[in-house]
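From first to last, the protein sequence lines are chains A and B. For the first sequence, position 55 (counting from the first letter as 1) is numbered 55 according to the numbering used here, and the numbering increases by one without interruption. For the second sequence, position 26 (counting from the first letter as 1) is numbered 26 according to the numbering used here, and the numbering increases by one without interruption.
Fair warning: there could be bad hints in the mix.
Partial selection, computed: residues in chain A whose CB lies under 8 Å from chain B [as the list claims (entries may be wrong)]:
| id | residue |
| --- | --- |
| 1 | Y175 |
| 2 | P222 |
| 3 | L225 |
| 4 | I230 |
Think of the hints as simulated: they come from the structure by calculation, not from any bench. Nothing here was measured: the structure is a model prediction, and the numbers come from that model. All residues carry an ideal CB built from backbone N, CA and C; glycine is no exception.
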Amino acid sequence: MPQNKEAVIRYNIIDKCLTNRYNPFPSMNDLIEACEEELGTDFSVSTIQKDIKAMKEDKGLGYMAPIRFSKAENGYYYSDPDYTIRSIGLNDKEIEAIEFATGLLKNFQGIKVNDAYNTAVDKIFTSIKAKTSDKDKTLVHAIQLEETTHLRGIEDLDKYIYCIKEKIPISFVHYSFSKKTYKANIIHPYLLKESNKRWYLVGYSEEHKELRNFGIDRIYEPVMLDMKFIDHSGGDLRELYKNKIGMSPLESGKPEIITLWVSDVFSKYILSMPLHESQTVTEHIEDGSIRITMNLVPTYELISKVLSYGEHMEVESPKWLIKEITTALNKTAKRYEAKKRK
Amino acid sequence: MKQKKESKKGIIIINPSHKNDLDNNPQLLRVTLTNKETKLDFGYQTESYYKKGGWVRMDPKTFIRPIGSNKKYTLINATNIPLEPEQLNFKSQEDSLYFSLIFPALPEGVDAIDMIETPDGEKPKEGFVSPNSVQHDYNFFHIKLNEKGKIYKIK
Chain A
1 MPQNKEAVIR
11 YNIIDKCLTN
21 RYNPFPSMND
31 LIEACEEELG
41 TDFSVSTIQK
51 DIKAMKEDKG
61 LGYMAPIRFS
71 KAENGYYYSD
81 PDYTIRSIGL
91 NDKEIEAIEF
101 ATGLLKNFQG
111 IKVNDAYNTA
121 VDKIFTSIKA
131 KTSDKDKTLV
141 HAIQLEETTH
151 LRGIEDLDKY
161 IYCIKEKIPI
171 SFVHYSFSKK
181 TYKANIIHPY
191 LLKESNKRWY
201 LVGYSEEHKE
211 LRNFGIDRIY
221 EPVMLDMKFI
231 DHSGGDLREL
241 YKNKIGMSPL
251 ESGKPEIITL
261 WVSDVFSKYI
271 LSMPLHESQT
281 VTEHIEDGSI
291 RITMNLVPTY
301 ELISKVLSYG
311 EHMEVESPKW
321 LIKEITTALN
331 KTAKRYEAKK
341 RK
Chain B
1 MKQKKESKKG
11 IIIINPSHKN
21 DLDNNPQLLR
31 VTLTNKETKL
41 DFGYQTESYY
51 KKGGWVRMDP
61 KTFIRPIGSN
71 KKYTLINATN
81 IPLEPEQLNF
91 KSQEDSLYFS
101 LIFPALPEGV
111 DAIDMIETPD
121 GEKPKEGFVS
131 PNSVQHDYNF
141 FHIKLNEKGK
151 IYKIK
């Protein structure tokens, strides 16, 4: 580490000691120990004395810190109790919040935006409190999100964000899992949408002449184009996905009332975490099961969701959705039956 | 003299018109023209002819040739597809492959090119096996580079 950077870190450690209301009037030994603990090297009394002098008098440094020594308390203090050298006046709770958010973002490692964020956070921490202490690191380890495996195409996420922000159309090749075909297309990107740990690029598709979404894991070689951008004029796009579970609509693509029965075993789970924000309980049945309705656009993801609850969830309406679920279950049952016969 | 910085920007032609006997598989998706290279992007979907989808590879002698010229621009690189004698063996009839072939830059004013893996009169070497095609090698004729509405500037 460059010497002057280390000195800045020591100034921040000294500042932290002087503003610690739980240990006022830190002694010279306290300051030396704090620096040694944070930086992992030994410091002499004269180094810390020089640091204090620089913080008090160095015009180039510009702190002009009102540091005094109390004989009665045998320690140092700021004569102005509100003084701190921290250029950004973040309190401990605010710092903790940044560290918490940093912990959450670690779930999206590999994204360049995230790398830039980490660098920015490092800079903030360097300028306000030397570095994240081991105690602070435990905060990051206090939460665990479900691990995301590497999603193909995630490395282009920052490019999509840039194109959305700067209104740049993108040429790309898309592979359709269902149609098993590649298509070269142009999108005027408006939104990056995350759903079920997958990312989708939403925008005006030149091929379809309408708003479409494309899973980024199926996009190959996005190339930025120098052409007129077609703006979105249909209001807040985020609203478009509010009435859906997932991204892939079935049938008409219009919202419908879906009625579901949920067993006593799972009713509490569904009540404590609704399937969708439109979920309403229409009946509490004596055996503990419930009947719920949702007003949403039926999607493939909705079918997967219902099937994931097995015998504990049943679609009661609309009829066409019952048929879809029945067909899927029959196919599954046949597959297992065939296995049994082998 | 200070050298002018070479720009890699160029144009991209999306779904260029062309002729071949490959039943649109592989499918020519894009052609990128810059002052450094000519890049052709393809998509291939394995077919049911082979139990496990078959295999693919490219002849390293593959070239592009401007229409009306005898000058050949031989393959300089390939992305995602092996060059002979290597080959990529697919695992199933559901496999697919996006790949690119990179050739030297073309001079200005070329309106159309052929991409030839096997020149006329030579016996096909089964470079790209497509059971529905008349021949096994991978030739694309009269790829149009000047079609209105299909050419876009790269930013």
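Okay, the hints, checked on the actual structure:
1. Y175: holds (6 Å)
2. P222: violated (11 Å)
3. L225: With a closest approach of 5 Å, the A/L225 hint holds.
4. I230: Violated - the Cβ of A/I230 stays beyond 8 Å from chain B, reaching only about 14 Å at its closest.
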